[in-house]
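*Asks:* Just so you know, the sequences run in chain order A and B. Counting from 1, position 33 in the first sequence corresponds to residue 34 in the working numbering; the numbering is continuous, with no gaps. Counting from 1, position 18 in the second sequence corresponds to residue 19 in the working numbering; the numbering is continuous, with no gaps.
Some hints could be false.
No copy labels: a pair is met if it fits in one copy or bridges any two.
Claimed, not checked - In silico DSS-like links for lysine-lysine, alpha-carbon gap of 25 Å or less:
(1) Lys12 with Lys42
(2) Lys61 with Lys21
(3) Lys42 with Lys61
In case anyone wonders, no lab produced these hints; they're calculated from the structure.
Number of protein chains: 2
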Amino acid sequence: MPTIVVDVMPKPELLDPQGKAVSGAFARLGVEGFSDVRIGKRFELTVEGEVTDEVLAEAKRIADEVLSNSVIEDVVGIEVAE
Amino acid sequence: MPTIVVDVMPKPELLDPQGKAVSGAFARLGVEGFSDVRIGKRFELTVEGEVTDEVLAEAKRIADEVLSNSVIEDVVGIEVAE
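Looking at chain A on its own, in the form it has when it is part of the complex (with noise of 0.2 Å):
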């Protein structure tokens, strides 16, 4: 069955203290190359059936509505898997 992807992240303009928690170890690790690290959630949303124009229409309502909270996050991607 095919999947639709729903990807949220944290707004840019607010601090990501977890991200800022996995950089902090980068640099006690000794990785080096990556100046920041933000971290958002993936949905990954098995669909009945096909993907039709409604399917898609509902899988955006559904990030903007449930799966995300606009107040501090924004949803970045929706897209068909394969």
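We have chain A; now place chain B onto it with these hints.
*Replies:* What follows is chain B alone, placed relative to chain A:
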């Protein structure tokens, strides 16, 4: 500066309680058409300078060793985001 996106998901054979909670909420909210929801993490790594083969190899190493727990998670994607 370029960004490398690392996607990490729970192993398919593992129960995903958070995903189950969201798909349960779908039913209560009258959302139809989606039989399952799985939730993972999306990391955005800001790269200092150009994305070279070495940087990509380091991102892969970090994804496996730092950003994911290979016992319960799979790295399902590493890509350069424009």
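*Asks:* Work down the list of hints and note, for each, if the structure agrees.
*Replies:* Each hint, compared with the structure:
Proximity of Lys12 and Lys42 under a CA criterion of 25 Å is satisfied in both settings, with 12 Å inside one chain copy and 16 Å between copies. Taking the closest pair of Cα atoms, Lys61 and Lys21 come within 25 Å of each other only across two copies (19 Å); inside a single copy the shortest separation is 29 Å, beyond that limit. Both within a single protomer and between protomers do Lys42 and Lys61 lie at most 25 Å apart by alpha-carbon distance, with minima of 15 Å and 19 Å respectively.
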